[in-house]
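Peer 1: Protein chains in written order, with the working numbering: chain A, 32 to 113; chain B, 39 to 265.
Derived by calculation from the structure, the hints in this document are not laboratory data. Glycine included, every Cβ here is placed at the ideal spot set by N, Cα and C. Be aware that one or more of the hints could be misleading.
Said to hold, decoys possible - Estimated spans, in silico, between C-beta atoms of each pair:
#1 Ser49(A) <-> Ala227(B): 25 to 33 Å
#2 Leu95(A) <-> Arg86(B): 37 to 45 Å
#3 Ala48(A) <-> Arg44(B): 17 to 25 Å
#4 Val66(A) <-> Thr162(B): 39 to 47 Å
#5 Leu95(A) <-> Gly71(B): 31 to 39 Å
#6 Val45(A) <-> Met39(B): 26 to 34 Å
#7 Arg110(A) <-> Gly218(B): 36 to 44 Å
#8 Gly54(B) <-> Val37(A): 41 to 49 Å
#9 Val43(B) <-> Val37(A): 34 to 42 Å
#10 Val37(A) <-> Val206(B): 18 to 26 Å
#11 Ala38(A) <-> Phe73(B): 19 to 27 Å
#12 Leu95(A) <-> Gly54(B): 26 to 34 Å
What the hints assert, rightly or not - Sample of chain B residues at the chain A side, in silico, Cβ under 10 Å:
#13 Phe69
#14 Leu85
#15 Gln87
#16 Pro90
#17 Ser94
#18 Ser173
#19 Gly176
#20 Gln179
#21 Val182
#22 Phe253
#23 Phe254
#24 Leu258
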Amino acid sequence: MTDPLVAVALGLVVVMASGVVLTREPVRQAIALSVYGLTLGVLFVVLQAPDVAMSQLAVGTVVLPLIVVLAIHAARRHRGDR
Amino acid sequence: MSSRVRMIVFAVGALGMVVLFATGFRRLPDFGGTFHPYGDRTVREALRQATPNVVSSINFDQRVLDTVGEELILFASALGAVVLLRAVDHEETESGTRHGHGAAEVFEALRLVGVVLLPITLVTGGYIVAHGQLSPGGGFQGGVVLGTAIHLIYLAGDYPALTRLRPVPLFEVGEAVAAGAFVALALLAVGAVPALNVAVGIEVGCALVLLIAKFFDQALLVGADGR
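Here chain B stands alone, though its shape is the one from the complex (with noise of 0.2 Å):
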């Protein structure tokens, strides 16, 4: 395709979106404004259950099959990710160490802000699942931030000791007992934000941290034929 057919095709295709977004948004109620049906009724139904954080209820409580679907494909793409980036026969993996050196020559400095970030990172990460049900964040959100954090080990150039502690399969039992745990508190005990934030933490963290480390893996490939 030449570059001017693909700048016929892209304009086209602009000008639509530009048709599509200017008359979807002449509709739409100014931001800021006072008519809000939807968030009248749901703060209504949080402030019923007593709840102090409202995105939380609406999360966890008025609308848990949806966050029980967003969680599941998380987990179907951490599934998938690891099933395509799986070492096939005639490749292997290298470990950092085969190389003779253990960790990588960064900064001192480089070095220094990830070992003292590190734990209050996941002390952050903890926090913010642990709070969820009070403050903004929550599991995913925590989830994400624990997920990262443990990665600033790599940062800090040292992949050997990223590798150590981070067992894979061990990550990998804990996502699927997590989502299995959050499937069933969603249908059985609706409205128990704190464990059901919990749930979605260890999920999220453990799906972060096998996604990662599966595109780690394949960066790190080698074809047996030393390709």
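Excised from the complex, chain A in its bound form (with noise of 0.2 Å):
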């Protein structure tokens, strides 16, 4: 595990992974877990796995946080406030 460019990416994968889970607020929260699913991305891509990169890129940096996001918006609703 010499390569810089691998260890670039893996610390910013560990970075944004900490971000997530030090960030309180869910919204916020889920902004950062899509951030952390484009640092994992770009990390599948420097390990040469372009195919798992785009699958990542597509549910974790769009599909995930928009259904978290729509999730609390529904649980805020029913607990009435907007």
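Fit the two chains together into the complex; they arrive one by one in their own frames, and the hints show the way.
Peer 2: Pasting the structure below:
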């Protein structure tokens, strides 16, 4: 694991993963999750797995945060504080 | 559970994880090494089939039964979401238009970006599905891109247009038919990679659209008693 590019990509993933965990507000957490998905996609490209990177970019940066945000919205509506 | 107890539980779990992870990694070959027993065999088989994309050959030819399993997992989870999130008796769905405003007010730049990106993204998704047997990508990746592409309309602020663009029953039928076609193709025509890619692409795209549609419904759902 001496390739500097791999090290940088891994470092970004670690930073963003910690960012997701340390963000307390759910909506902001969803946005951080999206950026984290992006860094994971970069890591997969660097590790020469373009197929996985494509799935990761589409699912991890778009679909998952969108569903989280919609679920938060639904839960808040249900509680009445819009 | 107090935060002290929580930290202790976490510490024990993390310690076990570190030990297992470290011992697991000690026996792993180095990254970028030359010892690839599985890779050598699959590449040899793929070359014997004269396929240009080894990853697709593994996914849709050598290990197509695994892919059937993954496919049915996605199918089952989309089905589960549709059943769990259906509107029950005392709920009714609020269409975005009932407030009297059609499209929501968003920045013109955002609207423009959404409208311009929609056709480009759709074509890209189609390309990824159609060229899955030649280049990185394939049915799953392309299907996800297609499924998310039409939600650019929502990003551009026009939820009513999105609901017109995706009639849910059509996508339910599309998903079921594509899943059935994929299983039939996997059993009968092993190695028909482009056809399998198309079936997966349709199935995944429909499943995602359904899933997100149900979550949209849920976010816009109002109780009949005004909640």
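Peer 1: State for each hint whether it applies.
Peer 2: A quick look at each hint next to the structure:
no.	hint	result
1	Ser49(A) <-> Ala227(B): 25 to 33 Å	violated (47 Å)
2	Leu95(A) <-> Arg86(B): 37 to 45 Å	holds (38 Å)
3	Ala48(A) <-> Arg44(B): 17 to 25 Å	holds (20 Å)
4	Val66(A) <-> Thr162(B): 39 to 47 Å	violated (22 Å)
5	Leu95(A) <-> Gly71(B): 31 to 39 Å	holds (33 Å)
6	Val45(A) <-> Met39(B): 26 to 34 Å	holds (28 Å)
7	Arg110(A) <-> Gly218(B): 36 to 44 Å	holds (41 Å)
8	Gly54(B) <-> Val37(A): 41 to 49 Å	violated (27 Å)
9	Val43(B) <-> Val37(A): 34 to 42 Å	holds (38 Å)
10	Val37(A) <-> Val206(B): 18 to 26 Å	violated (44 Å)
11	Ala38(A) <-> Phe73(B): 19 to 27 Å	holds (23 Å)
12	Leu95(A) <-> Gly54(B): 26 to 34 Å	holds (28 Å)
13	Phe69	holds (6 Å)
14	Leu85	violated (19 Å)
15	Gln87	violated (18 Å)
16	Pro90	violated (14 Å)
17	Ser94	holds (9 Å)
18	Ser173	holds (9 Å)
19	Gly176	holds (7 Å)
20	Gln179	holds (4 Å)
21	Val182	holds (4 Å)
22	Phe253	holds (4 Å)
23	Phe254	holds (6 Å)
24	Leu258	holds (8 Å)
Checked against the numbered hints listed earlier, the structure breaks hints 1, 4, 8, 10, 14, 15, 16; every other hint is satisfied.
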